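Take these sequences, add in the hints, and give me the full structure.
Number of protein chains: 4
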Amino acid sequence: MSFVEVLDKGYVRLVNHMGSDLTVVNAARVSYAKESSELNEKDIRLIRFLAREGHTSPFRHVILQYEIYAPLMVARQWWKYVIGASHAEGTGDSLEAWNESSRRYITEEPVFYVPGPDEWRSKPENSKQGSGEVLSAETGGQLTKELIDYIEAGVQKYEAALQAGVCAEQARLFLPAYGMYVRWYWTASLQSVCHFLSQRLEHDAQKEIQSYAKAILELSKPLYPASIHELIEQTKSDSE
Amino acid sequence: MSFVEVLDKGYVRLVNHMGSDLTVVNAARVSYAKESSELNEKDIRLIRFLAREGHTSPFRHVILQYEIYAPLMVARQWWKYVIGASHAEGTGDSLEAWNESSRRYITEEPVFYVPGPDEWRSKPENSKQGSGEVLSAETGGQLTKELIDYIEAGVQKYEAALQAGVCAEQARLFLPAYGMYVRWYWTASLQSVCHFLSQRLEHDAQKEIQSYAKAILELSKPLYPASIHELIEQTKSDSE
Amino acid sequence: MSFVEVLDKGYVRLVNHMGSDLTVVNAARVSYAKESSELNEKDIRLIRFLAREGHTSPFRHVILQYEIYAPLMVARQWWKYVIGASHAEGTGDSLEAWNESSRRYITEEPVFYVPGPDEWRSKPENSKQGSGEVLSAETGGQLTKELIDYIEAGVQKYEAALQAGVCAEQARLFLPAYGMYVRWYWTASLQSVCHFLSQRLEHDAQKEIQSYAKAILELSKPLYPASIHELIEQTKSDSE
Amino acid sequence: MSFVEVLDKGYVRLVNHMGSDLTVVNAARVSYAKESSELNEKDIRLIRFLAREGHTSPFRHVILQYEIYAPLMVARQWWKYVIGASHAEGTGDSLEAWNESSRRYITEEPVFYVPGPDEWRSKPENSKQGSGEVLSAETGGQLTKELIDYIEAGVQKYEAALQAGVCAEQARLFLPAYGMYVRWYWTASLQSVCHFLSQRLEHDAQKEIQSYAKAILELSKPLYPASIHELIEQTKSDSE
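If you read the protein sequences in the order shown, they are chains A, B, C and D.
For the first sequence, this note's numbering gives the first residue as 4, with consecutive numbering after it.
For the second sequence, this note's numbering gives the first residue as 4, with consecutive numbering after it.
For the third sequence, this note's numbering gives the first residue as 4, with consecutive numbering after it.
For the fourth sequence, this note's numbering gives the first residue as 4, with consecutive numbering after it.
Quick caveat, the hints were computed from the structure, so don't treat them as lab data.
Just so you know, not all the hints are guaranteed correct.
Note that identical chains are pooled: a pair holds if it fits in a single copy or bridges any two copies.
Unchecked claim - Here are the simulated DSS-like cross-link-like pairs (lysine-lysine), alpha carbons at most 30 Å apart as the crow flies:
{"no.": "1", "residue 1": "148", "residue 2": "160"}
{"no.": "2", "residue 1": "126", "residue 2": "224"}
{"no.": "3", "residue 1": "45", "residue 2": "224"}
{"no.": "4", "residue 1": "217", "residue 2": "12"}
{"no.": "5", "residue 1": "217", "residue 2": "148"}
{"no.": "6", "residue 1": "45", "residue 2": "83"}
{"no.": "7", "residue 1": "45", "residue 2": "126"}
{"no.": "8", "residue 1": "210", "residue 2": "83"}
{"no.": "9", "residue 1": "126", "residue 2": "210"}
{"no.": "10", "residue 1": "45", "residue 2": "160"}
{"no.": "11", "residue 1": "217", "residue 2": "126"}
{"no.": "12", "residue 1": "160", "residue 2": "224"}
{"no.": "13", "residue 1": "148", "residue 2": "224"}
Fair warning: this is a prediction, and the values are worked out from it, not measured in the lab.
Below, the structure written as structure tokens:
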């Protein structure tokens, strides 16, 4: 499997990947000039040890590549992770590449994320961040309709502005951009991917980005079962 | 001077800086265990040589720190530079830190960039990117008014959604976010800053980000006159 | 104080630094557009929270710059930390710059680290790495003498080779290089420095690099007392 | 082919690689949601354009992985490139991982690089760096013999010290380490690899590292012919 649908119109596609759990083991044992060709119990214990002790450089020799199609607000949180948090919280930004579509060019019709009537969430009770229970279908239905109308109005004004000769880089000021889908390539090491997962699978991450994190997990776990298990477990217990 | 106004409501503030042109010279001469305490002609020639030959690591020992308040579309281009382009085009992301405000929290009233009647630009004649001449004041006035109205409608819907109990992270879908001001701290080496300048001062960069690049230049040039002169000149001739 | 002697001929010099504990607080609160000008109890609690939760990006806006003179084997471990471990174990290599002297040029007489008679350590009992008790002064005295003799022989051959017209980059093959002193500039964020400290102050780090870590701590702690306290404590409890 | 011998006992082995010239093209066109499945003339022109304009982020989505066995002095220059120069001169350190053997453990007999009688080079005439003509076979033969003797003496003292109970991390002070072979895994993006090549294939790079650069080129060029051609050509003309 190499494709998972996410939200109303988004997706994650696994474009490519390099290496296996064995790559981690062989990189870690470069001092010993020993190379395994099949993963055994001892190798799995080594992976566990590396994850637990934070000796995560061997996990950087395994690479994954995804194409992602997601609302801009999700892309922005992802970027912040790559720039700020990731620098900060433990992955190194290294082994990350990012190529993304731009609204400075007119390439595609703008497409927007619209939560369905039963997908609008209340504000959380005891936190400044995140969300709580789902709102009533009545309230939700009203919001969905209003958002669709507001987006349509924006797109009309955007197109009218283009028609009037305005450059695309300014006309886009009319777009309700947080929900607009953007597409990008993300190439990252297994270490970076797992750090992203451990942050974004958490219950206080925005629901929409959690959905993308789950898709990433679903696509990647079968390829590196031992490493992903250990890295995510380890990070969880760290933050408890 | 440590503050420059940009666009209708934005600014760049120089928060702090470390080192001088001499820092570059002393880092480059660490092999020789010689340290200068005053910048002389020979030092300036060394700076020129380092910039010309691409031996730019000594410029990474000089650090600048800014607070920036700019529309989200400017922030996104800046980030892409930091993640993608910068990784790619020559500065290393190293010696960059970024901390930015978030609309997942309700902290401030949203504030928006609105081009004035004489600030709307046409699309360029022979390029898919960038912009051309300024449109007529009549067309411009109409666009400015429409944008103000559209923003007001969005902000009203955003606030009504919050009132109805919607979490902030979803309510923001109603905001025409490309023009919304965000605020961030940027800490970067002189090498990164100059690479940013050489990219963003160019005539094909979006006008709005050019304005920020000019503010960065105005605040930084007096602090490292020789290094900034040489690095920007050098990069220019590279891309010619 | 800005200079600490380390080992027999080495040192760490604090060349420059930028910011204070308040910088961390202000970078973290950029969302709120509030800026403190004096550090209070609430600020210290915020620093503690950031360190505990791994939200370490604000610590990247504080920068330190050192000149270090240390044996090559110490420099290599430091580099590995900067490249491998640091990428891997949590600091991001970002906000690090490194400029170092080179033996490809003939710039200074080679100078070597020689442990004194009471500084030779035994191998550890239950580990493949690290060291145990100090050996007897008799054994130690013998080793010190032999090392001095071996170094002298190497330096003579090195100089004879240069005399015979050999290029410096090959003549250096005669130098027992692990103990040879090299000098470098290291510019790093507070986050990187603290990650380095938490790794290299540990009892299983090589004694020689522990001594440099202590010098770094001694020079840096008075400048950022709250941040360094919290970051190092936090990392300690993480790895327990 | 996946293995090239270098110097007297070293080698480069291509362990793995990901993507093709098409990957670069598809990453660059993510804005247009068009994906090529076969490389055509238009794609090659795009690659040329990207390399020439310095829009090198698409080249970061292609990854190569090598195992390298080389003298420590070569490894150090390589690292400096990865840390310092690379940060500085244009690749981003991103998408690099490094795992290397260590002499803090006793894992293998130390093995040393010894130039043959006809491989000793003179110092360059008009430069502080690099090397000139090969010395006479007589002088060379003498140097080779002396180096072998000096290494043997060092290894004997190293082993005697281990025998006497000295920890490995101190005993290694007796090794003439510049020529000692170390082994490491290097995982890097095509952009990083080409930047390394453009630096290290140059005539003023140390001959020994030039040999490794040639091996990297030989192993990699057939996999990404268009990209490597354009990136290296481009960098050459940049530095002219």
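Okay, the hints, checked on the actual structure:
{"no.": "1", "hint": "148 <-> 160", "in the structure": "both (19 Å within a copy, 12 Å between copies)"}
{"no.": "2", "hint": "126 <-> 224", "in the structure": "neither (32 Å within a copy, 41 Å between copies)"}
{"no.": "3", "hint": "45 <-> 224", "in the structure": "within (20 Å within a copy, 37 Å between copies)"}
{"no.": "4", "hint": "217 <-> 12", "in the structure": "within (16 Å within a copy, 40 Å between copies)"}
{"no.": "5", "hint": "217 <-> 148", "in the structure": "within (28 Å within a copy, 43 Å between copies)"}
{"no.": "6", "hint": "45 <-> 83", "in the structure": "between (37 Å within a copy, 26 Å between copies)"}
{"no.": "7", "hint": "45 <-> 126", "in the structure": "between (48 Å within a copy, 26 Å between copies)"}
{"no.": "8", "hint": "210 <-> 83", "in the structure": "both (16 Å within a copy, 24 Å between copies)"}
{"no.": "9", "hint": "126 <-> 210", "in the structure": "within (12 Å within a copy, 38 Å between copies)"}
{"no.": "10", "hint": "45 <-> 160", "in the structure": "neither (63 Å within a copy, 36 Å between copies)"}
{"no.": "11", "hint": "217 <-> 126", "in the structure": "within (23 Å within a copy, 41 Å between copies)"}
{"no.": "12", "hint": "160 <-> 224", "in the structure": "neither (44 Å within a copy, 41 Å between copies)"}
{"no.": "13", "hint": "148 <-> 224", "in the structure": "neither (38 Å within a copy, 52 Å between copies)"}
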